[in-house]
Amino acid sequence: MTAFVQPDTAVIVRQRLLENAEDVDALFVLAALHAHDGLVAEGITVLDRVLRLDPAYPGAWRFKATLHRMRGENEAGQSAWDRAEDVEP
Amino acid sequence: MSAPAPIRLKLCMAGEATVGKTSLIRRSVLDEYDDRYIATLGTKITKKVMSVQDPKGAGPATVHAILWDIMGTPTLRDLLKEAYYHGAEGIFAVADQTRKETLAALDAWARSIRSVAGDIPTFGLVNKKDLDPDPQFAAGEIEAFFEKRGWPWLYTSAKTGVGVEEGFRRLTETILADRPILKPDASGDGPRRPS
Numbered sequence: 000m001t002a003f004v005q006p007d008t009a010v011i012v013r014q015r016l017l018e019n020a021e022d023v024d025a026l027f028v029l030a031a032l033h034a035h036d037g038l039v040a041e042g043i044t045v046l047d048r049v050l051r052l053d054p055a056y057p058g059a060w061r062f063k064a065t066l067h068r069m070r071g072e073n074e075a076g077q078s079a080w081d082r083a084e085d086v087e088p
Numbered sequence: 000m001s002a003p004a005p006i007r008l009k010l011c012m013a014g015e016a017t018v019g020k021t022s023l024i025r026r027s028v029l030d031e032y033d034d035r036y037i038a039t040l041g042t043k044i045t046k047k048v049m050s051v052q053d054p055k056g057a058g059p060a061t062v063h064a065i066l067w068d069i070m071g072t073p074t075l076r077d078l079l080k081e082a083y084y085h086g087a088e089g090i091f092a093v094a095d096q097t098r099k100e101t102l103a104a105l106d107a108w109a110r111s112i113r114s115v116a117g118d119i120p121t122f123g124l125v126n127k128k129d130l131d132p133d134p135q136f137a138a139g140e141i142e143a144f145f146e147k148r149g150w151p152w153l154y155t156s157a158k159t160g161v162g163v164e165e166g167f168r169r170l171t172e173t174i175l176a177d178r179p180i181l182k183p184d185a186s187g188d189g190p191r192r193p194s
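Line by line, the protein sequences are chains A and B. Yeah, the first sequence ends on 88 if you go by numbering that gives the first Met the number 0, and it's all consecutive. Yeah, the second sequence ends on 194 if you go by numbering that gives the first Met the number 0, and it's all consecutive.
Using 20 angstroms as the maximum straight-line C-alpha spacing, the simulated SDA-like pairs for lysine to any residue come out as follows:
#1 K99(B) <-> A16(B)
#2 K99(B) <-> P6(A)
#3 K147(B) <-> A104(B)
#4 K43(B) <-> E21(A)
#5 K47(B) <-> G160(B)
#6 K47(B) <-> P88(A)
#7 K99(B) <-> E140(B)
#8 K158(B) <-> R168(B)
#9 K43(B) <-> D53(A)
#10 K43(B) <-> V23(A)
#11 K43(B) <-> A20(A)
#12 K46(B) <-> D53(A)
#13 K46(B) <-> D85(A)
#14 K43(B) <-> A9(A)
#15 K46(B) <-> P88(A)
#16 K99(B) <-> P132(B)
#17 K43(B) <-> D22(A)
#18 K43(B) <-> R7(B)
#19 K46(B) <-> V86(A)
#20 K43(B) <-> E87(A)
#21 K47(B) <-> R168(B)
#22 K46(B) <-> T61(B)
Coverage of chain B stretches by chain A, computed from C-beta distances (three or more under 8 angstroms per stretch; other residues unrestricted):
#23 40 to 51
#24 59 to 70
#25 79 to 93
No lab work stands behind these hints, which were simulated from the structure alone. Positions of the beta carbon are idealized from the N, C-alpha and C atoms, including for glycine.
Full structure from sequences and hints, please.
Quick look at the structure:
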């Protein structure tokens, strides 16, 4: 029996972005990977790109709110949260 | 008299990667199955329209279930929990009967969702019933896991369809039975639970 190998999210993201630099799913996860690595400002930059490509991407505005709050940017966080209330299905 | 507006519910699929969350949605909404595995990145949203018995009403209710198919990456779970789980009204906790560790992992997924969405109904789906179970499972272990947590559950197979519709129906009916007084939905797409 072959041991199960968990898919490596970072590798999948890299592959998907090589195939399509505007893959919003891959960009969204790239933003999360940056933030997870402590690079929150870089995460916000990538997330802004996601939101330019798809302003209604599920969860993106709330994630942007989370990242702004992590940086102490409460006003920007609230603004992103309010935007999520408008666009989420 | 016009028909009652549909009820909107946000349901989240939770569980480790490759347990079959996307395949269960695909089976349920499209009645299709594809053996190829494509990892979900980010989230996908699918609407499933159901007619279920409203436990608080006299007849059937039309439900528009908004299914959030969320990638099963535990390392990013807490970072993304507000983004994904805000406003969720029900959880499908999905395990794979061919990998024992996917069952124990459900606790962390449910904890993360409930930290955002509160104590919402959770329904276990033990998927891949069409395959041989992990021999490391002791007799009665799966039943005991769900009984201990008070989560109803079913074996499912996204491949054959076994259990899938019943799972969606039962979770939806549980939510409807528990739901508080509704307020009109601003989208005009029916009432939803206050967030």
